[in-house]
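K.L.:
Spelled out from the first residue to the last, the chains are:
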Amino acid sequence: MSALLDLFTTIALVLGALFFLAGVVGLLRFPDTLSRLHALTKADNVGLGLIVIGLLPQAGSVFAALKLLLVWLLVLLAASTVGQMMARVARRAGPPR
Amino acid sequence: MSLTYVLESVLALLVLGAAAWTIAARSAFAAAVGFVSYGLLLSLMWVQLAAVDVALTEAAIGGGLTGVLLLGAVATLRGTEARTNRRPALPLRVLAAACCVLVSVALAVVVLTLPESGPTLAPQAVAALPATGVGNPVTGVLMAFRGFDTLLEKVVLVLALVGVWSLAPDRYWGGHPGLEHRLPADGVLPFFARTLPPLGVLLGIHLMWTGADNPGGAFQGGTVLAAMWLVVMMAGVRDAPAIRELWLRLSLVSGPVVFVAVGLAGMLTAGAFLAYPIAIAKPLILLIEVPMLLTIALALGLLVTGPPERTADPR
Amino acid sequence: MSTVTLFGLCASALVGLGLYGALTHPQPLRKLIAFNLLGSGVFLLFGVFARRGAWQSVGGDPVPQALVITGIVVAFAATALAVALLLRLHKESGEATLDPPAPAGASTERRSP
Amino acid sequence: MNPEFLAAVAGFVMITVVVGLARILWGPGDADRVMAAQLLGTGGIASLLLVGVARDLPAAVDVALTLAMLAAFASIAFIKGVTAAQDEDSGEGGGR
Chain A
0 MSALLDLFTT IALVLGALFF LAGVVGLLRF PDTLSRLHAL TKADNVGLGL IVIGLLPQAG
60 SVFAALKLLL VWLLVLLAAS TVGQMMARVA RRAGPPR
Chain B
0 MSLTYVLESV LALLVLGAAA WTIAARSAFA AAVGFVSYGL LLSLMWVQLA AVDVALTEAA
60 IGGGLTGVLL LGAVATLRGT EARTNRRPAL PLRVLAAACC VLVSVALAVV VLTLPESGPT
120 LAPQAVAALP ATGVGNPVTG VLMAFRGFDT LLEKVVLVLA LVGVWSLAPD RYWGGHPGLE
180 HRLPADGVLP FFARTLPPLG VLLGIHLMWT GADNPGGAFQ GGTVLAAMWL VVMMAGVRDA
240 PAIRELWLRL SLVSGPVVFV AVGLAGMLTA GAFLAYPIAI AKPLILLIEV PMLLTIALAL
300 GLLVTGPPER TADPR
Chain C
0 MSTVTLFGLC ASALVGLGLY GALTHPQPLR KLIAFNLLGS GVFLLFGVFA RRGAWQSVGG
60 DPVPQALVIT GIVVAFAATA LAVALLLRLH KESGEATLDP PAPAGASTER RSP
Chain D
0 MNPEFLAAVA GFVMITVVVG LARILWGPGD ADRVMAAQLL GTGGIASLLL VGVARDLPAA
60 VDVALTLAML AAFASIAFIK GVTAAQDEDS GEGGGR
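Sequence lines, in order, name chains A, B, C and D.
Start counting the first sequence at 0; every next residue gets the next number (numbering that gives the first Met the number 0).
Start counting the second sequence at 0; every next residue gets the next number (numbering that gives the first Met the number 0).
Start counting the third sequence at 0; every next residue gets the next number (numbering that gives the first Met the number 0).
Start counting the fourth sequence at 0; every next residue gets the next number (numbering that gives the first Met the number 0).
Treat the hints with care, since some could be wrong.
One side only, chain D facing chain B, incomplete, derived with CB under 8 Å [as the list claims (entries may be wrong)]:
{"id": "1", "residue": "Ala6"}
{"id": "2", "residue": "Ile14"}
{"id": "3", "residue": "Leu69"}
These are calculated hints, taken from the structure and not from any lab test.
Heads up, the beta-carbon is just placed ideally off N, CA and C, and yes, glycines get one too.
The shape of chain A in the complex, shown without the other chains (with noise of 0.2 Å):
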């Protein structure tokens, strides 16, 4: 069970340091703010959720996972208004560039 769980966690790591490396392609490749902003939320929402998730069997108490499951939640938040926002700040910058 343990080393199913383990396995379960190495995936889910491995899988959410990869969308990181995406984002991170994304933002530095991608030709203009508003597509770069895209990439960025691959990073925050699913890299983020999927260490997360990964995280959980080793949390060790129900207590750590919700408080785990929480930094999730908040990233979310936040990483929808700031992408709200920034996108209009992006436009009324001007043509995408």
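Using the hints provided, position chains B, C and D relative to the given structure of chain A.
P.N.:
Structure of chains B, C and D alone, referenced to chain A:
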């Protein structure tokens, strides 16, 4: 050479890189962004140093509040940036750089020549800890063994705030600090400012409460509360209070006042200023920490909003 | 070289960097940021010395750690007061520095666009 | 769970995110700089959670929570600063 060691070396390089960027960046905005990133990396470093209490403080104040304070100033001073660019002459800069390198090298030599383990007060702190009733040695030092420092530090916070307020033009004295933020009530930001603070208040109180036995405490909790208050003000959900409000001034001084009162009571009951009778040490520490949390949250929040810039008259 | 030494060297370099910025930057706001860097370098040195005092299950000497926490809060209060002074100066004079205004074309540095 | 593996993932995420910081250097817009800083925040939170489990420091989650809270707060302030500058440039008063 373990993987953890590589990780720590990378972290040290990152901190240095962020610091160098903060100094070298051309625009002040970029420097402020760099400073926030630097604060974040630094708090990771504090975790690696097994000083989680400090990591919490650095994450909350170093990256968060100081960053926001600087960004506000950068936005206001944007127009003067291009004019204020007269650097010292090159020879002078080289001389300054040489002196700074000298300072760094001297400190580095000290670090390198020190023995691996140094003198420590940890055994004494841990031995005396049961008398205070708290389980976190750092909280024990802050609230009991060096309580006087913490009391004076509260006073410094309030004094700094009085200093900031005194910069207000006479006609605005007693008025509302900062600019008024007017936003449509159904926008993204007001929604955010209504969703986040309940969680943030919970976290702030949790940090204060858990600080008795785990890393955390009134400073860290108070900073989170201050940040939540600032979000509410920035989103225009609630305006900043007029500084002549009696409740505001009473709450601001409640932390130091309760601290001094408990300290004076200690002279009668335990024989010295700021001494706690052992039987009720922990309830007393909590009694001090609750108003302290309020004082810290209000003072930090108001320090960021700045001096009054509007009259207190109702709009 | 242990982690503690490594972080100690990093802290020493931070103090130097911050000092250089505080000495040479023309804008007071940037001096303030640099001064904060310097301060955090000093705090980090404290942390390094505290870590050397690790004892049994305690990860470091709690006394310097508590001092650093107090120090960070006081540094913030001082920064806030300095920023308020700077903003008031800007309101009064329209400038963000006490230096006399530069004569036209006297600047040796490239102006930012 | 092998702590070395967790530390390795933490290091990988940290390095990736820092490469992304090149956007702070390049810009071109302020929005791009804020994005890079936000990514650093998320990456820092992720590696903090990983290090917390690897080194068995349950309090690291509290630091991560504080970071998440304050990073959100700082991003909002960034954007307010940028929009204020935009308003000034375009001559519009108030608004968002």
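K.L.:
Confirm or reject each hint.
P.N.:
So, going through the hints one by one against the coordinates:
{"no.": "1", "hint": "Ala6", "verdict": "5 Å, holds"}
{"no.": "2", "hint": "Ile14", "verdict": "6 Å, holds"}
{"no.": "3", "hint": "Leu69", "verdict": "3 Å, holds"}
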